[in-house]
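If you're matching them up, the sequences are chains W and X in order.
Quick note, the first sequence lines up with residues 1 to 421 if you use the UniProt record's numbering.
Quick note, the second sequence lines up with residues 1 to 280 if you use the UniProt record's numbering.
Just so you know, the hints here were simulated from the structure itself, not pulled from any lab data.
Cβ atoms here follow ideal geometry from the backbone N, Cα and C, with glycine treated the same way.
Any given hint could turn out to be false.
Among the chain W residues that face chain X by a calculated CB cut under 7 Å, a handful are [to be verified]:
{"no.": "1", "residue": "R70"}
{"no.": "2", "residue": "E74"}
{"no.": "3", "residue": "S77"}
{"no.": "4", "residue": "D253"}
{"no.": "5", "residue": "K282"}
{"no.": "6", "residue": "A283"}
Here is what each chain is made of, one letter per residue.
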Amino acid sequence: MHKRLLNTAAVVAAAVLLTACSSGNTGGDSNEKVAITYGVWAGTQTPAMKEIAAAFTKEHPNITVKVEERPWPEYWSTLQTGAAGGTAPDAFWMLAQNIRPYASGGQLLNISDEIKKEKVDLSKYPKAVLDLYDQGDGKTYGLPKDVDTNAVWFNKAIFDKAGVAYPAADWTWDDFRQTAKKLTDPAAGVWGVAAPIDYQGGYYNTIFQAGGQVISADGKTAEIDSPEAQKGIEFWTNLHADKSSPTLKQLSDTEAETMFEQGKVAMYMSGAYWALKLYENKAIAGNVDVAPLPIGEKRATVTSGIVNVGYAGTKHPDAVKKFLLFASGKEAAEIQARSGAVLPAYEGGEKTWMAAMPEFKNLQVFIDAKEYSVPLPVQGNAAEWQGDQTKYLTAAWEGTTSVADATKQYADAIDKVLAEK
Amino acid sequence: MIAPALVGLAALYLWPFLSTFVKSFMKVPVFGAGTFTGVDNYTKLLSDEDFWRALGNSARYTLLVLLGIPIAIVLAALIEQAAKGRTLYRVLFFLPVVTLPVAVGMVWRFILNGDFGILNYLLSLVGIPGEYWVADDRFTIYAFAVVGIWMGLGVNLIILGAGLQSIPVELYEASAVDGAGRIRQFFSITLPLLSPSIFFVTVLTIISALQMFDLVFVMLGSVNNTAIDGSKTIVYLFYEAAFVQFKQGYGAAIAIVLLVIIMIATAIQFRLQRRWVNYD
Numbered sequence: 001m002h003k004r005l006l007n008t009a010a011v012v013a014a015a016v017l018l019t020a021c022s023s024g025n026t027g028g029d030s031n032e033k034v035a036i037t038y039g040v041w042a043g044t045q046t047p048a049m050k051e052i053a054a055a056f057t058k059e060h061p062n063i064t065v066k067v068e069e070r071p072w073p074e075y076w077s078t079l080q081t082g083a084a085g086g087t088a089p090d091a092f093w094m095l096a097q098n099i100r101p102y103a104s105g106g107q108l109l110n111i112s113d114e115i116k117k118e119k120v121d122l123s124k125y126p127k128a129v130l131d132l133y134d135q136g137d138g139k140t141y142g143l144p145k146d147v148d149t150n151a152v153w154f155n156k157a158i159f160d161k162a163g164v165a166y167p168a169a170d171w172t173w174d175d176f177r178q179t180a181k182k183l184t185d186p187a188a189g190v191w192g193v194a195a196p197i198d199y200q201g202g203y204y205n206t207i208f209q210a211g212g213q214v215i216s217a218d219g220k221t222a223e224i225d226s227p228e229a230q231k232g233i234e235f236w237t238n239l240h241a242d243k244s245s246p247t248l249k250q251l252s253d254t255e256a257e258t259m260f261e262q263g264k265v266a267m268y269m270s271g272a273y274w275a276l277k278l279y280e281n282k283a284i285a286g287n288v289d290v291a292p293l294p295i296g297e298k299r300a301t302v303t304s305g306i307v308n309v310g311y312a313g314t315k316h317p318d319a320v321k322k323f324l325l326f327a328s329g330k331e332a333a334e335i336q337a338r339s340g341a342v343l344p345a346y347e348g349g350e351k352t353w354m355a356a357m358p359e360f361k362n363l364q365v366f367i368d369a370k371e372y373s374v375p376l377p378v379q380g381n382a383a384e385w386q387g388d389q390t391k392y393l394t395a396a397w398e399g400t401t402s403v404a405d406a407t408k409q410y411a412d413a414i415d416k417v418l419a420e421k
Numbered sequence: 001m002i003a004p005a006l007v008g009l010a011a012l013y014l015w016p017f018l019s020t021f022v023k024s025f026m027k028v029p030v031f032g033a034g035t036f037t038g039v040d041n042y043t044k045l046l047s048d049e050d051f052w053r054a055l056g057n058s059a060r061y062t063l064l065v066l067l068g069i070p071i072a073i074v075l076a077a078l079i080e081q082a083a084k085g086r087t088l089y090r091v092l093f094f095l096p097v098v099t100l101p102v103a104v105g106m107v108w109r110f111i112l113n114g115d116f117g118i119l120n121y122l123l124s125l126v127g128i129p130g131e132y133w134v135a136d137d138r139f140t141i142y143a144f145a146v147v148g149i150w151m152g153l154g155v156n157l158i159i160l161g162a163g164l165q166s167i168p169v170e171l172y173e174a175s176a177v178d179g180a181g182r183i184r185q186f187f188s189i190t191l192p193l194l195s196p197s198i199f200f201v202t203v204l205t206i207i208s209a210l211q212m213f214d215l216v217f218v219m220l221g222s223v224n225n226t227a228i229d230g231s232k233t234i235v236y237l238f239y240e241a242a243f244v245q246f247k248q249g250y251g252a253a254i255a256i257v258l259l260v261i262i263m264i265a266t267a268i269q270f271r272l273q274r275r276w277v278n279y280d
């Protein structure tokens, strides 16, 4: 009885001390209990996000964070209606393709002042990703939580069986094409590579490698029909012409990543975000390795990343701003890295991320790729013109239209979208 | 007494409808006020090849799903005649109705997979080459229709079953005395007396078929499916405009056009019912 009383007293005293401390740190209303919500979409990352929320509450005991997961693509429709109706989460994930209407519509918290106040060192974040979210209005809406670059995942068992050497670090486009050809074995139902119409993990990379770009530097016109960009697309159509890839119909039935996991394709060009999923698939993990993207005219990979942003309509802007900095900060980066789910954006988390998957020895290629990364093209209403890709490019991939014609038509369509205000 | 319901109706249906109608004449950013652009959205819509293709797809799907009604009539008649297990049959056919459409779509996606699906395996046993049912836009609408019919069967059976039960047994007994066989009874007694139920089921089926959206979404899997462009329905187009491309005004115009189409289709049916529906 006495003991219990004493304990209670100690807890109360500690609580008082703690709140005293934190009010000293943050000033003002921090004694007030505040609960905020944090909207995310990827199920694999939810445990890490909950851990980050808990770590934040430890530092700010008066603020609790509830992680709300919604599946893709429902996440976006719910967010859109939620923001318009005042019920959006207080903090949530944002993508560069989607930020424009939210920023220009005044739906996001400007956290520039908080960044200044807390003296956040922006050089710790990949510049290409920060640039991606720059709306040109002088405001900062969020900091990156993760970063993704691309490389080539490959299945060592298929290489061994075909007697083909693993990709060298300095392999070229031609090496890639020949390797894919050699690995293809129609009788066994094995293809050298999966070549879907995939902008981020696929043809944008090769367009930049060929020295082209998707959209002009001023963001006003499409350059996807330039001779260089066409070469970047021919990289993929050639793979189909060689029959080194499952057809687009097969890749529509079974996604490229699934085919790779099933051991039906030997190589799959994509992002670091698959690492944990592949690592946890015991049937294939032992055979999985990763090589840098092949070199065209030069090395290049598109890069992107999720940023944590706050809802302008939140009732607790101060608490949300604190959480946003925390969730994109050093400690959160460590938590994300340990989970292995994503490569954190904050510099220094890479080693921890790699250590989370010790049997994958070459994850360093994703980190090295940051050196030659270019921001993912997201000019104008990107969700609209990127969504049109299959409409215009399928015929080129299937070889029923020339790359020149398909890209010309696609460029015209993109120009129309970019011209809209 | 009816006032509370009216308030709900106004808030949940009338207000959204009016605001959709107004928005269809505006260019609306995702957030904030829009600007009036007159009939711009509508003229754009009429010259949008995607719109016409989606309209064609919805029309094709609707016609195909109507085939589910004769199937439901025959099945309902068979179930009503079954000596036992009627409840079991009804439950079995009703199961798809209470199953999550997303789960249903996923399962069918596996069944219809071009390379590994059960359907193509079965077809190969009898020497028929399979197709990429959910990855080739020549076939996707048929795949949607099969699943749509299967999912709608349960509700149709309940309505038609109730209709069948209200037909007096004496009519069958009397006609049997006059020498009518099963088939004759079906066409001379069952069908005419069931016509009000059939009419009701037809109206509902056409409306829900024109509004079909979820099957495209789930059965085609990801947006990376290259069959998507040739498989969009009207409501899918609306979803895409309003929620993916951030063009709410354009989306509203699509919704209004769909509403008008449904109204016309329903009005025509009410017109035509005088010729074949028997209310005696």
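Verification of the supplied hints:
no. : hint : verdict
1   : R70  : violated (13 Å)
2   : E74  : violated (10 Å)
3   : S77  : holds (4 Å)
4   : D253 : holds (5 Å)
5   : K282 : violated (21 Å)
6   : A283 : violated (16 Å)
In summary, the numbered hints that this structure violates are 1, 2, 5, 6.
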